[in-house]
Amino acid sequence: MTVHEIRTRHCDSKRGDASDGAVLAEAVGGRLSRVDGPAKITGAAKYAVEQQLDGLSHAVLVESTIAAGRVRSIDTAAAESAPGVLLVLTPDNVLRLNTATDWLGTPPPDAPYYPLARDITFSGQHVAAVVAESFEQAVAAAALVKVSYDEMAAIVDLSDPKAGDGIPIDAMTKEWGDAQAAFASAPVRICAAYNTPREYQTPLEPHGLIAHWEGDQLTVWEPSQWLDGMARTYAEWFGVPFENVRLISPYIGGGFGSKAFAYGYSAVAAIAAKMLGRPVKLAVTRPQTFTAYGGRAATRQTVALGADAEGRIQSIVHRGVNETSVDGMWVEPLGSVTSIMYATPNFSSRQNVVRVNTVVPGALRAPGENPSAFGIESAIDELADEVGIDPLEIRLRNYAEQDPEVKKPWSTRQLREAYAAGAEAFGWSKRTPEPRSMRDGNQLIGWGVAAGTYPVRRAYGEAVVRILADGSVEVESSSIDMGQGTYTILAQTAAEVVGVPAENVVVKLGDSRYPRAGVTGGSRLAGVMTGAVYKAATAALDQLVGLAISDPNSPFHALQANTLVVTKGRIASPRGDGPEVSITELLGSVGRDHIEAMGDTMPANSTVEDRYKNYTTIATALSHTEGDYSRHSWCAHFIEVRVDEDFGTVRVSRVVSALDSGRLYNPKLAESQWRGGIIMGIGQALLEEGIVDRRHGRIVNNNLADYLIATNADIPDIEVISVGIPDPHSSVLGGKGVGELGIVGVAPAIANAVFHATGKRVRDLPITLEKLI
Amino acid sequence: MTSKTPIHLDINGHRHELEVEPRVTLLDALRDHLGLTGTKKGCDHGQCGACTVHVDGQRVLACLTLAAQAEGRAVTTIEGLAEGDGTLHAVQAAFLEQDAFQCGYCTPGQIMSAVACIREGHAGSDDEIREYMAGNLCRCGAYPHIVAAVRQAALEVAS
Amino acid sequence: MRDFSYLRANSIDAARQAAALPGAMLLAGGTTLIDLAKCGVTEPDTVVDITHLKGLDTVTVDDQGAMIGALARMSSVADDADIKSRFPAVSEALWQAASAQLRNMATIGGNLMQRTRCPYFRDPANFPACNKRSPGSGCSAIGGVTRGHAVLGTSEACIATYPGDLATALVAFDAIVHLGDRQIATDDFFLLPDATPDREHAIAPGEMITAIGIPASAAARRSTYLKVRDRQSYEFAAAGAAVGVEFEADGRTIKDLRVALGGVATKPWRARAVEEALKGKLLEPDTVRRASLLAIEGAVDHGANQYKIELAPRVVARAILKVGETA
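Chains as they are written, first to last, in this note's numbering: chain Z, 1 to 773; chain R, 774 to 932; chain L, 933 to 1259.
Source of the hints: derived by calculation from the structure; they are not laboratory data.
Some hints could be false.
[As the list claims (entries may be wrong)] Here are the simulated lysine-lysine pairs, BS3-like style, with alpha carbons at most 27 Å apart:
| # | chain 1 | residue 1 | chain 2 | residue 2 |
| --- | --- | --- | --- | --- |
| 1 | L | Lys1213 | L | Lys1254 |
| 2 | L | Lys1187 | L | Lys1254 |
| 3 | L | Lys970 | Z | Lys146 |
| 4 | L | Lys1211 | L | Lys1016 |
| 5 | L | Lys1187 | L | Lys1213 |
| 6 | L | Lys970 | R | Lys777 |
| 7 | Z | Lys146 | Z | Lys274 |
| 8 | Z | Lys430 | Z | Lys760 |
| 9 | L | Lys986 | L | Lys1016 |
| 10 | L | Lys970 | Z | Lys46 |
| 11 | Z | Lys771 | L | Lys1254 |
| 12 | L | Lys1211 | L | Lys1187 |
[What the hints assert, rightly or not] Some chain Z residues near chain L, calculated using beta-carbon distances under 8 Å:
| # | residue |
| --- | --- |
| 13 | Val139 |
| 14 | Leu708 |
| 15 | Ala713 |
| 16 | Thr768 |
Model, not experiment: these values are computed from the prediction.
Cβ coordinates follow ideal geometry from the N, Cα and C atoms, glycine included.
Next comes chain Z alone, as it looks inside the complex (with noise of 0.2 Å):
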């Protein structure tokens, strides 16, 4: 098998034209094109499927084709006996597991999983798989596989009758004041409800995995946004150590929240793999990435806004629902963005969560603020209208100096300047006030905005660092890149603290054997990974002016230097004194082959079950208002839509959005992730739904021609402008959060422009044609 490498090249790295100064572009901060870029625009980067195994069987999955009820019988003779075929798995062969630990670290009853299932909650649910010799053969089979069913009436959605209100979440609940006391008192009371539908993640690279047991030693291939919780995962299902299972994924053909679990069909392929004895493939079919893991729930929420006659709220009554299944939890955080974004001397927010036969949810992109703020951001909006104010204006004049549910200060807050640096180069002032005041020919034109946030989330990570005698450098770490740039702004971290060019470092990532890191998901990699990497550099060049000073055989010896300087990986004295060596020199002179440094953002003192518990649950990450302050990424989006006055059709045709991340590790690379969210958020507002067919309780439109995404022909122009500062609260270099905080806000943002556009109010998403003709 082939470690996967990497070695930084010259592209445009010498533009150093980043963000905070005239930075470099291979220094931190400044603008170095992708390192992993060669291997994506030739075709050599192989993702998790693709490894060319000897031996390799394919799996195919087989799902069950209603919502509710039990299986009765599965009929595989016609399968068993297609040409070709292996293995056919059922309820009643599979192996039985362990029930794994969950995310947040819960230990787990001590119950089988049986990844096929026999008691039957969601249409889409896999009963059976077929394993052959050939993927056609596969598919082939997997067809003749017939399964009856005693069907029993499903919940299929919120607004089913049976669903009922659900379950309260105590811990979601937030409340200060007299809220409900003060809205009934307030001179200005709106209040709507506010709906988006189920959404999907679907990355272009669909889930899949191989599997492959030596002995009692497992090697799983498989795209990830969490090496060692999946790794884990496959561990206690198997019932063997967490050292005998080794996850590979040193490319991912995109997550956005879905790809840092091991899912049931993992297990059928790794069960697959030890009955038969070989490597077994099996990739998920695009219409199985809809029911085989969980996308965005479907959420309701109601905001209550009072305020007085100048726009000034008093209080705001948040509720919210959204669906999970019958037998998994998942709540999506509907008033995270409510509670944070406008300082109100009242406030309440409660959620319930309702029960219904789908797939458990799960996270896309800013699970949780990305529904609040399409609530909360389009209710200002509302109020704005209500009390005739510029929807800008009124957000300044409820701006929330400090974080008004935990009243401490923020780390950073840059919003005032995100309003001022969108507004100017979008040109909000010449918004004419009045919904339907802007058109050109049949077009009306909306002017809209709306706020975002994110959370900074806090965790751990470690880096080796290695200094070779070849003068180049190595970073090894188990955190991952699935297009945000990880391998980049690592090598990029390394050379500038070794003193080397990044075209000398060499980022490993991707391989649950290299030093330990947590999840990447809610946009903490880049913060949790700098810090790392930055520590374990530190400490390699540290024993690297070390050996020079103090070694006998060095050529600094002589010397007696308190410290020495690397630059461009040549190794002098800063007075400029004595020889100039470079590090293949030195080491040379001093009989070392290399240089290692392990670094980790962990506490001191932590334990071996510390770390283990760190690695491979969230249960030890911080609070973002962990301390002293409150910390958050912000944003504002000023959007222009032109809506077709015949046919309802909303077309964007101008973004400008301001976002405060802190510090940027490299600006090119996050500027891409922003527009990226952003473009994310316009296809959520205009285009995404998963329809369910009720009389089934099934996604009908579950592939890529009827689940909707935006195509390059819906996206204009996006400028994205910088307004962060380095904060030093939020991570040891200064950033907060990227990846998520872009989607944050846009959709809203968008209903705002065609409420301007049309004096249609839309509060379900996404605003298809027929809400507005």
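With chain Z held as given, fit chains R and L onto it using these hints.
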């Protein structure tokens, strides 16, 4: 039926002999039988563009093309785009410079599509590029960067 | 996908003979056949590859009209200079369909044979009832998710929308389907579902589309195809209209008008009532909008597709006004 038949495929200027069932698509032949995994499978139904390759110089979808249909035609994949000495095609270089990808999974299809888009004469304006690149979905949302890369490469190819 | 035999036809006659065998299907661009085979909707025993036949991919345009070979690719017809100038609606219907890659694959003949995008039709594993797939099994769509379904030409057996754009333009301009020596008007080539939605085309086993002829007309020369959809590109029509107009010598009075609808009916839908209502009239916005309402006479919705009844006449009106403007 259900018998493998020998076919010859001309891929990136090299002749490949393989035995496949008639139902094997060009995409699966490339990825599973020939180890040419640069061409990606995103939907397997012609809905995403990740499997875009050139057949006789035209961009097509390998997932809806039978391998047998490609016999006797020249197939070019992402692996065959750069020059033999590794010099990147102008479109590849522009994608890197403009940061026209993130996860990289749709990228080979985007690049193969972009090369053809320029060759077809459909890269005359940003709006034309957007329309004629709309058959390649990118979930990371690199679209404005892709437009910039195609625009840049079109100028370089023209000059 | 079930396995099948692959035959490469080396002549039209050989292709016809092979296609007449039980379980045989012609394979051209493959964008429908391979897709539906993967869905388990089509299960050919033999596919007869006709893409290597010579001489069937030409486009000839003269004063009599256009003759388009059945194997001409959608992309090459869309970009053909004569088609663009004399039949702009045909070119516009083509380039707005599918994606550049699919248009490079799909042939004109194959495009006419394109099947519906009804999600129930496309998913036999989950929805066994489909009169189009299995006559008499019922219709899963009726009572289900119907946002994309037809409002015109439906029956109790089927409400599946004909998805194509090109054929909408073809029926507007009286194009002729050539099945070798037999010729049939495109409007007659497509069948209403009635009680037999499994029969979609007036084509017999062993017959093969060889060409499409489009008669020249002043209305075709002054024509457009307007496509409205949720997404800007790479999506089937929520509603589409192919419209062509010819004015009297005064340049204002409508002499000839052609109107056909796509995306709203079970077949490409010629709207003759709109044509007749406007012939002899001045092309004025209010007149056009009123007459366009005739396009959806007899329309029946199934809930979520009700918007199509609102949308279709507006698309027709906009298209008529657009071709009227561009004098």
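Do the hints match the structure? See the list:
{"no.": "1", "hint": "L:Lys1213 - L:Lys1254", "result": "16 Å, holds"}
{"no.": "2", "hint": "L:Lys1187 - L:Lys1254", "result": "16 Å, holds"}
{"no.": "3", "hint": "L:Lys970 - Z:Lys146", "result": "18 Å, holds"}
{"no.": "4", "hint": "L:Lys1211 - L:Lys1016", "result": "25 Å, holds"}
{"no.": "5", "hint": "L:Lys1187 - L:Lys1213", "result": "8 Å, holds"}
{"no.": "6", "hint": "L:Lys970 - R:Lys777", "result": "19 Å, holds"}
{"no.": "7", "hint": "Z:Lys146 - Z:Lys274", "result": "25 Å, holds"}
{"no.": "8", "hint": "Z:Lys430 - Z:Lys760", "result": "21 Å, holds"}
{"no.": "9", "hint": "L:Lys986 - L:Lys1016", "result": "24 Å, holds"}
{"no.": "10", "hint": "L:Lys970 - Z:Lys46", "result": "26 Å, holds"}
{"no.": "11", "hint": "Z:Lys771 - L:Lys1254", "result": "25 Å, holds"}
{"no.": "12", "hint": "L:Lys1211 - L:Lys1187", "result": "6 Å, holds"}
{"no.": "13", "hint": "Val139", "result": "6 Å, holds"}
{"no.": "14", "hint": "Leu708", "result": "5 Å, holds"}
{"no.": "15", "hint": "Ala713", "result": "4 Å, holds"}
{"no.": "16", "hint": "Thr768", "result": "6 Å, holds"}
When the structure is compared with the earlier hints, no violation turns up for any of them.
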